[in-house]
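The hints should help you fit chain B onto chain A, whose structure is shown.
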Amino acid sequence: MLRYEWLSGLILLLVFWTLSLVPGRASAEPLTPWEKARAETFAKLGEVPKPDAPTKIGTVLVTLSNPFWVSMKEGYENAAREFGVTIDVQAAPQENSVANQLNILENMVAKDYDALCAHTITAQNLIPAFVKAARKGIPVVSDNRVDLPAAREAGADPITLGLVDFYGQGRLGAEYIARALSEQGGGKVAIIEGLPGAPQSEARTRGAKDAFAAFPDVEMVSSQPGNWDRAKAFSVTQNLIQAHPDLAGIQCANDIMALAAVEAIEAAGKSGRIMVVGIDLIPQGKEAIREGRLAGSVAFSPFVIGETVARAAIAAAQGLKIPGDLEVVSVLATKDNIDQLADWK
Amino acid sequence: MQDAQAGFVKRVGRLNRHQRMGLLAFLAGLAILFSLLSPHFPRWENLSNVLLQSAVQIVVAVGMTLVVAARGIDLSVGGVMALSGIVTAGLMKAQWAWGLALLAGLASGAAMGALNGMGVALLGIHPFIVTLGTAGIFRAVALIATNARPIYGFPLCFRALGSGHWGPLPSSALIALAASGFGAVVIAWTRFGTNARAVGDHPEAAYRLGVPVERTRIGIYTLCSTFAALGGIIVTARLNTAEAIAGMGIELEAIAAVVMGGTSFAGGEASVLGTLLGALIIGTLANGLTIINVPTYYQQLVIGVVFMAAVLADRLRRRSQHNDLFET
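Quick note, the sequences are listed as chains A and B, same order. Under the working numbering, the first sequence has 261 at position 261, and the numbering climbs by one with no breaks. Under the working numbering, the second sequence has 1059 at position 59, and the numbering climbs by one with no breaks.
If you're looking for bench data, these hints aren't it; they were derived computationally from the structure. As the structure is a computational prediction, the values presented were derived from the model and not from experiment. Just so it is clear, CB atoms sit at the ideal spot from N, CA and C, and this is done for glycine as well. One thing to keep in mind: the hints can contain errors.
If we take Cβ atoms under 7 Å as the criterion, some of the chain A residues that face chain B in the derived model are [said to hold, decoys possible]:
id	residue
1	93
2	111
3	128
Only some residues are given here: those of chain B computed to face chain A with a beta carbon under 7 Å [as the list claims (entries may be wrong)]:
id	residue
4	1018
5	1042
6	1045
7	1053
8	1149
9	1239
10	1293
11	1296
Pulled out of the complex, with its shape left as it was, chain A reads as follows (with noise of 0.2 Å):
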């Protein structure tokens, strides 16, 4: 009788077992903020149809050294399998290689794509190719970093979608430093830009510079470039604990700048004595956030971003309208909510 239980038991075991591999939602989980993010983002595009033709679209990134743009070409991968469509991704070797940028477009306005997108490094430096890509008719979508007049000034007309507040993103972060530090009598800041020129730099800094002057115990000491490097950002991180060894908080404008100031203030002996905080939430910086090395980082998704303007070249080919000031949601990822943003990518 005994052998009889033990084989119910395990018959149970194994009807369970099957049951819980059914796949879906067997109750109603929340949705993360990065699904909910996301769904948010495509709302605002609108439904965009699956090609009936085959589909080729062309994309220019920036550089694959930073994670955030191979997060955003997984994106577009993404995309290109739910859709159906080819998607050839490209990108320069370095940050700031505005000219082999400009000569990787150009090389595929040449190859008839059905649509290109760019995601540009400066305000101009792609405007030559876009104006060969307006002579050809190929429709082109870009973010609102392009100098628009300039480019239909050339001849171009690039759907630039909003995409990203970066004024907004450079805002968030500087905020949180700054009220932190007001609640323990104020202290002194400084900001380490991008690559100056850039529009999200000078965008990011620009907020970040409002933020702080809107906090009167709040002093902004300093205001560098960092031009998105890690050796950069370091070496002025040394700099600025040195000129004012009572910093409290920086404001970096990317997260490979704020984590190679953290390793700077960690080197000299000054952890958690200085908040920094980044934008881009690359994986790293999760991880240096759940340590508390890093106070925070201001995320929007580039996965989120690669297929929304995936969907918009893919909804441009087929000669759709697209809505000009779509915006992907930013969040701003500190110790408090860093496990619901697990899944963030």
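For chain B alone, kept in the frame of chain A given last:
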């Protein structure tokens, strides 16, 4: 004296025709390979892009060839490109006519080259060291003058130099070809060019033959930097932006083209045609690899491998003629 100098011309400065044919064949082979791999490559639109994208490299590499012929090297061409582009841009922003601004930009390049030449000729410091130092100085002056921010927005006529077309050919390609022709004529058929090659081949013998060694050296570096300035102006016109980070790494690309072209670093000989072919090979590789969708970091690997192969082929050719690549 005249006979000795005439003998110099004949003996020095005729690179092996076979070597240049080899480069041409390799270029043609590459073009055929890419055409087979992608139907987009052989179209005129794309080939025109190759010329457009190689133009700056060609101009700078031709200048480098002249200096190498004189047994020198110029590592400061990137800084010269950036600074002369900024000079031109700044003057245009100050309402100068673009033609005058352009000439001023070239003159600034010449001045920088003269500095290099004087360091080498008058102070007697090795050109590698002089130009390494001035590379940093010129780049720093460019950064300081612009506060690291780019200058942009130039008149259409100026921009046409970089992105315009003359008939079917891109303007920048025409400028590059004209500059190559000019460089070839100077090095092969002018007294100055002959003197430069003589200095490169055997400075002491040249001195004893009455060649003005110091003046020639200053002159050749001035010429090289003027070419680099022209390159900087083309880049500024093409991107409609002048920035302090322009031309980073161009010195290595130029040297690669010179080496592939077969000009020896021991000095004394020069093949502008070889350099032109070398630069076109590199430009074709970069373009073709993008067309067949190879990621950028693989491109650098391929170009590096091709470069080593070309150097090896050149060395084997020379060895078969009982010449060593770096004879002193």
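Verification of the supplied hints:
1. Hint status for residue 93(A): holds, given a least beta-carbon distance of 5 Å to chain B, under 7 Å.
2. Annotation: residue 111(A) was flagged as interfacial toward chain B, and the flag holds, the nearest CB pair being 5 Å apart, inside 7 Å.
3. With its C-beta approaching chain B no nearer than about 5 Å, residue 128(A) sits inside the 7 Å limit, and its interface hint holds.
4. About 32 Å separates the beta-carbon of residue 1018(B) from the nearest beta-carbon of chain A, more than 7 Å, and the hint is not met.
5. Given the 7 Å rule on beta carbons, the hint for residue 1042(B) is violated: about 11 Å separates it from the nearest Cβ of chain A.
6. The interface hint given for residue 1045(B) is met, as the beta carbon of that residue sits about 5 Å from the closest beta carbon of chain A, less than 7 Å.
7. With 7 Å as the threshold, the beta carbon of residue 1053(B) comes within range of chain A, its nearest partner Cβ sitting at about 5 Å, so the hint holds.
8. About 5 Å separates the beta-carbon of residue 1149(B) from the nearest beta-carbon of chain A, less than 7 Å, and the hint is met.
9. Here the hint on residue 1239(B) is kept, as its CB sits about 5 Å from the closest CB of chain A, short of 7 Å.
10. With its C-beta approaching chain A no nearer than about 5 Å, residue 1293(B) sits inside the 7 Å limit, and its interface hint holds.
11. With its C-beta approaching chain A no nearer than about 5 Å, residue 1296(B) sits inside the 7 Å limit, and its interface hint holds.
Checked against the numbered hints listed earlier, the structure breaks hints 4 and 5; every other hint is satisfied.
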